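From first to last, the protein sequence lines stand for chains A and B.
Going by my numbering, the residue at position 162 of the first sequence is 412; the numbering climbs one at a time, nothing skipped.
Going by my numbering, the residue at position 56 of the second sequence is 306; the numbering climbs one at a time, nothing skipped.
Among the hints, a few may not be true.
Put simply, identical chains are the same to the list, so a pair is met inside one copy or across any two.
Said to hold, decoys possible - With a straight-line Cα cutoff of 25 Å, these simulated SDA-like cross-link-like pairs (lysine to any residue) come out:
no., residue 1, residue 2
1, 525, 595
2, 483, 596
3, 483, 273
4, 483, 577
5, 525, 616
6, 483, 578
7, 483, 500
8, 525, 258
9, 525, 672
10, 525, 515
11, 483, 513
12, 483, 581
13, 483, 580
14, 483, 575
15, 525, 511
16, 483, 574
17, 483, 511
18, 525, 272
19, 483, 675
20, 525, 271
21, 525, 386
22, 483, 595
23, 483, 576
24, 525, 566
The hints are simulated quantities; they were obtained by calculation from the structure and are not laboratory data.
Because the structure is a prediction, the values reported are computed rather than measured.
There are 2 protein chains.
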Amino acid sequence: MNGEVSDLCRMGAREAVAAIRAGRVSVRELVDACLARAEAREGELHAWHCLWPEAARSAAEAAGSGLLGGVPVGVKDLVATSDLPTACGSPIYQGHRTPGDAACVAALRAQGGVVLGKTATTEFAAFTPTETRNPRNPGHTPGGSSSGSAAAVADFQVPVAIGTQTAGSIIRPASFCGVVGLKPTFGTIEYAGVRSFASSLDTLGAFARNVGDVALFIAAMASWPELTRIEPKPPARVRIVRGPRWEAVTPEAEAAVERAATVLAEAGVPVEEAKLPEEFDSLVDLQDRIQIYEGRRALAWERTARGELLSEGLRYHLDRAGTLSFADYRADRIAQVEWQRWADETLTDGEIWLTASAPGEAPEGLTSTGDPVFCRVWTLLHLPCISLPNGVGPRGLPLGTQLIAPRWKDADLVAASAWLEARLG
Amino acid sequence: MNGEVSDLCRMGAREAVAAIRAGRVSVRELVDACLARAEAREGELHAWHCLWPEAARSAAEAAGSGLLGGVPVGVKDLVATSDLPTACGSPIYQGHRTPGDAACVAALRAQGGVVLGKTATTEFAAFTPTETRNPRNPGHTPGGSSSGSAAAVADFQVPVAIGTQTAGSIIRPASFCGVVGLKPTFGTIEYAGVRSFASSLDTLGAFARNVGDVALFIAAMASWPELTRIEPKPPARVRIVRGPRWEAVTPEAEAAVERAATVLAEAGVPVEEAKLPEEFDSLVDLQDRIQIYEGRRALAWERTARGELLSEGLRYHLDRAGTLSFADYRADRIAQVEWQRWADETLTDGEIWLTASAPGEAPEGLTSTGDPVFCRVWTLLHLPCISLPNGVGPRGLPLGTQLIAPRWKDADLVAASAWLEARLG
Chain A
251 MNGEVSDLCR MGAREAVAAI RAGRVSVREL VDACLARAEA REGELHAWHC LWPEAARSAA
311 EAAGSGLLGG VPVGVKDLVA TSDLPTACGS PIYQGHRTPG DAACVAALRA QGGVVLGKTA
371 TTEFAAFTPT ETRNPRNPGH TPGGSSSGSA AAVADFQVPV AIGTQTAGSI IRPASFCGVV
431 GLKPTFGTIE YAGVRSFASS LDTLGAFARN VGDVALFIAA MASWPELTRI EPKPPARVRI
491 VRGPRWEAVT PEAEAAVERA ATVLAEAGVP VEEAKLPEEF DSLVDLQDRI QIYEGRRALA
551 WERTARGELL SEGLRYHLDR AGTLSFADYR ADRIAQVEWQ RWADETLTDG EIWLTASAPG
611 EAPEGLTSTG DPVFCRVWTL LHLPCISLPN GVGPRGLPLG TQLIAPRWKD ADLVAASAWL
671 EARLG
Chain B
251 MNGEVSDLCR MGAREAVAAI RAGRVSVREL VDACLARAEA REGELHAWHC LWPEAARSAA
311 EAAGSGLLGG VPVGVKDLVA TSDLPTACGS PIYQGHRTPG DAACVAALRA QGGVVLGKTA
371 TTEFAAFTPT ETRNPRNPGH TPGGSSSGSA AAVADFQVPV AIGTQTAGSI IRPASFCGVV
431 GLKPTFGTIE YAGVRSFASS LDTLGAFARN VGDVALFIAA MASWPELTRI EPKPPARVRI
491 VRGPRWEAVT PEAEAAVERA ATVLAEAGVP VEEAKLPEEF DSLVDLQDRI QIYEGRRALA
551 WERTARGELL SEGLRYHLDR AGTLSFADYR ADRIAQVEWQ RWADETLTDG EIWLTASAPG
611 EAPEGLTSTG DPVFCRVWTL LHLPCISLPN GVGPRGLPLG TQLIAPRWKD ADLVAASAWL
671 EARLG
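Next comes chain A alone, as it looks inside the complex (with noise of 0.2 Å):
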């Protein structure tokens, strides 16, 4: 039985939706499986920031239909949930409630979705890092924001689980854990009842286990039923994107790059390196200047009425802050919509960027959730990407390697990305 149990948990998100249908497992059997994984881990991974074993019981009674039936589902803790405190990470927020679902997990719940609990994230989705710990070794980070919702789709807690990306909270997570993380193009998901860091960046995005089971799951979330019926499909033209900063790339995540890049190229994709405009690295900072002044401003009641139960860390941020004058967000905010347009004009139809998702392997130690340099100029741009796992490094932990389309075209990179992840093995 116990054997049983574990085994079920490790199901994908669509063989679980058919296993159900065919009647070959019951919801509840399911959500078992997956809450006594979850609840036998928690212990060592700390990927949750709280599961509710009854509610999800409970819902699991009436699910089974719609594109999610009985898919149990991890809830990224920045999430407003009906029935389950939603703190941001935050101790200012313990046990806080809202009275209704964020408009994500009332689309996920109205297709079927089972939600098992909330999953960690960093305080306020910034910087501060979790207990959570790396499922593949528990002395690394998982990454952040999202840590526990990748850490869980890593660790077979359950398949699907939301994440959101501000700087590279998606992306970094789901290189460091092994997993696959999308972050549709900006404003796909719907992000009401969601806490916000920086409006002009904060994304909706999700981990799965597969790329199949990733479209499904954003399909549900964005009312997108079109989006589970892509064929695997390689790309028109490729782009090897180095940088920004590709100085703090490791070789093996570049060499993982390259094999992506090789394989596309021997499959007859036209493969060539793209040609960055100089001030391509100053979108780095561009990304970081918006995202800490939204930050900022969003916190301003946290900041002023509770500001001792901020983190030193994030203080340190917002500090940083204020320095910047309204003139400069505006300057910013300015240049960002110049650059989105740039991007727009520069990728064209059917192209794919492809760059590391993260410098390097999983950073040992939990102080730092590691860096999102190779993830926030997409974010800026408003660009669909994903990471696909692609190998592993020196230290046995994964690689990610990213793919990045134009602007609105997440079809095609879900198409891109199934054909490739089955190349890559």
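Assemble chain B onto chain A, guided by the hints.
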């Protein structure tokens, strides 16, 4: 004593700050005067969702410094407040409390603003009217969705109040109530903590009884002190915009626009007719589709779990959105960005577009908040706009004329509006 109180409540925001600083008036006296006025008039006008005299008086003890040092403020009941409930104009949220203040409320409080209470909003700032009446004639609508804020400012209950605009929810009620309404460039004031309806349109702004006061209030909420030091200045160039859907305009609203144009032309400002592209009228529908699609998404929980508590009118619009697909929405968002680029290229530096704020005077009755047709496009394009009182119509009700500036040129808009305001009398 009563007469004195009644005079104090007529003070504008800048006037009040100066009087408090000079020791001629105490914050407590001012707050009491405004509360007395609000309480005396509430039975007839219904401008407030709730007034909280105790909290206001206790805040008055602490206030006195900052840009708003001691100014009484009305907060639209869509905006979270730590000490007052936030019902969003919906029975679903009756009595709902949030742990903290929305970012804009924290910002205005940090600048010495004193929250008097929450002003009435239509249901989720959408289409279903409140009980609020127009202070100029209680048989007429004050406009919406920021109905209570516009009415409270027009009726001398507060010198300034918060509004939000997704279609025409600041400009239209400002016009109908005969006050100044300013919707700044999208993103000028942080939206965190405000209930969102359509996140690519929702914009925070404000009402006051003159341009300098509204600029002061925006400056405080946006942490943009420079905006308080803008001097009145005529624009470099003016274009009269007769559209979109100009057939809706009444002769008196058009005459008001022409009166403003004449004032400008006589001062030597180049004034000409704007040449609008043929497809310009279609932007009204584009804005409407984005608004209802995003609104349907944002209200996913309310629709699925509390549908019986939504008004029939709101359900009609959300059902209408149910016929739109994700692909329709994506195409609309791409078109929105393209038209924003068109506006950025078409409106030159220092240029102001002049049009009507609304088709005419406030309609009779409370069954509709009036037509936002002359506001939708400017909200869609994220352009800053202001409504200035400009004479009265045949029923003796106010008319408003709208000034529109290029994106992020809010300071130019304030300068031009202040200059014109002084000459419209």
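| query | Hint numbers the structure violates, sorted upward? | reply | 3, 5, 7, 8, 9, 16, 18, 20, 21, 24
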